[in-house]
Each structure stands twice: as C-alpha cells, then as structure tokens.
Amino acid sequence: MLKIHTTILFALLLTQLFAQKFIVLYDKGDYEKCFEQCKKEIEKDKKNLDAYFYKSLSTLQLGLHTSNGEINIYKIEAALNTLDFLQDKTNGKEYLAEHTEQYSFILNTALAEAEKLIDDENTKLALRLVNVLMKIDVLPEFMYASAKIKILEGDEYAALEEMNIAASEIYKAFTAGKISKPYLPELFIDLAHGIYSEGDIQSAYIIFYRAIKLFQTEYVILEFYDQLNNSNLSYWSKNSDYELSINYTDSLAVFYADKKEIQALKWKLVGQYFNTIFQSGEIEEAKTILQKYTCAS
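Quick note on numbering: my numbering labels position 98 of the sequence shown as 98, and the sequence is numbered without any gaps.
The set of hints was computed from the structure by calculation and includes no laboratory data. Just so you know, even glycine gets a beta-carbon here, dropped at the ideal spot from N, CA and C. It is possible that some hints are incorrect.
Below, in silico cross-link-like pairs of lysine-lysine (DSS-like), each with a Cα-Cα straight-line distance of 30 Å or less [unchecked claim]: (1) Lys292 / Lys268; (2) Lys259 / Lys292; (3) Lys150 / Lys181; (4) Lys178 / Lys150.
What follows is a list of derived Cβ distance ranges for each label pair [said to hold, decoys possible]: (5) Leu222 / Glu70: 33 to 39 Å; (6) Thr100 / Arg210: 27 to 33 Å; (7) Lys172 / Asp84: 21 to 27 Å.
Please model the entire structure based on the sequences and the hints provided.
Next comes the structure, spelled out in structure tokens:
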C-alpha cells in the first residue's frame, strides 16, 4: 500500500514539475522554448491560466529581444491579445490580480512602445497596441495615448473628449482617496491648452488651476503662466474673458515664486483690457476698469 501511495505521489510531483517547465524556461531567459512549452500545455489543458500568462510574457520578451535588435510590435500586440484572452477566461481577472507585478510589466512595456511610435508619428502601429490596451483596461494613461493618436490623425475634438475623461478619472480617483497621488500632469496641460485653443477659456483655466493644485510643480505653474502671458485676447474678446484672465493671475500668485513677475503679467492684461475698451469708444468704462484694478492692487 505504501509503495502504491509513493508511486502516485511521485507521479503527481513529476506531473507538477513538468507542467511548470515553462516557468523555469522563462526564468532562464529561454523565451522561445518557454513559448513553445506554453502552447503544448494549453493544448493539453485549456484552463491552465499559468500557461496563458507565460505565453503572454514570453511573447512580449520575444518582441523585445529579436535577432536583428529591432522591436517586433506585432509580437507585443500578440502578447497583449493573449493577456486579453486570459482575463476573459473563468477566474482570469482574479488570476491577474494575484500577479500584478508581471501584469503591469506587460501593460507598461506595451504602452512605452506605443508612446515611442506616437512620438515618431507612426499612428498605424501605435494604434494596434493602444486598441488592445484599451480592451484590457480603460486606464487614463491608455486613453491619453489614444487621444494623442487622434490629434495626429486630425480628430482634435474626439481627442479632447478622451483627454477630458482621462483627466476626470485621475482627479476623482485622487480626491476619493483611491490613489495616493495624482499622475500625468502633461495630460491636464495638453487638455487645458487644447480647450483654450477651442475658445473655451473658462474651462481651460479651471483645468490649469486644478492641475496646479493637484501637482504644485514648476512645470504646470509655468504652463499656466505662459498661457496667460501669451493669451490671444483681442478687440473681439469678451469682457468676461479679460476679467477671468486678470483674476486668475491672483490665483496663480499663490503658487508662483516671483510675485513681481505675476504683478507685471496682471498689469499687462489690465492694459490690454483697458486699450480694448478705450479703442471701442467707451471712455468712461475704460476709466472704470483702470480704477477697479488700481484700487484692488
């Protein structure tokens, strides 16, 4: 009886050892053999989540480490597709939640390659990766990448909509305590500049100021300063846009190091506002504007 139990136990151990061979191969860096072993395991057991996961990991590595030294985007896309397939299987999402480090590695690596393609304006290949990333999870960073592709393709309205949703998700997650700190300040800045260029100055300033309060970094502070300094306010601008711009210099002054520089910016805007009203022939109103901001200083 003991011999039978020992034989069964030995057989089970051998089976378990063989079943995890692809993990050993992956850890050794033998990604090609790991990939082939994963395929064999999946053929034998369609429920082997480990095999799907390591198939995705090994495919990703094969895309990164090619014989000619060039990144194979199609293999990275294939790795993402395997991951997407895995999460749709029974207990797939739970499995990935237990392997967050390697799961994040796949997603972040694919996103980084997509960003490089976007920088090179290769929207066709970038879109292949971003589309699958968005299928796996609609994260703000994936939406931002998708929006940048839309901008390159000339669909700025859709891009701004997507960036607005992404920025809103980050803001809500942070204010609700779901994330310890906000991220992607460049998303907020790109969104604010984009909305400003569309003529919605009030919404743009709200986003700029929200970004400053969230991040409080020199980058976002200077971006708002530059937008105010280079505003395209003119004779045709609404009085409310001038007043809003002037008032936001006071808000910016709380964070801006050089108070004299902010004061100079404020008076530059006041001067533009005064000249616009004065040139329209409304002399008394122009005087009122000058008195209003002189008294407030």
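Going down the list of hints, with the structure as the test:
1. Lys292 / Lys268: Distance of about 15 Å is within 30 Å: holds.
2. Lys259 / Lys292: Between Lys259 and Lys292 the Cα gap is close to 20 Å, so the pair holds against 30 Å.
3. Lys150 / Lys181: With a Cα-Cα distance of about 28 Å, the restraint between Lys150 and Lys181 holds, given a limit of 30 Å.
4. Lys178 / Lys150: 29 Å, holds
5. Leu222 / Glu70: 33 to 39 Å: 38 Å Cβ-Cβ, so the 33 to 39 Å window holds.
6. Thr100 / Arg210: 27 to 33 Å: 29 Å, holds
7. Lys172 / Asp84: 21 to 27 Å: 26 Å, holds
In the structure shown, no violation is registered for any of the earlier numbered hints.
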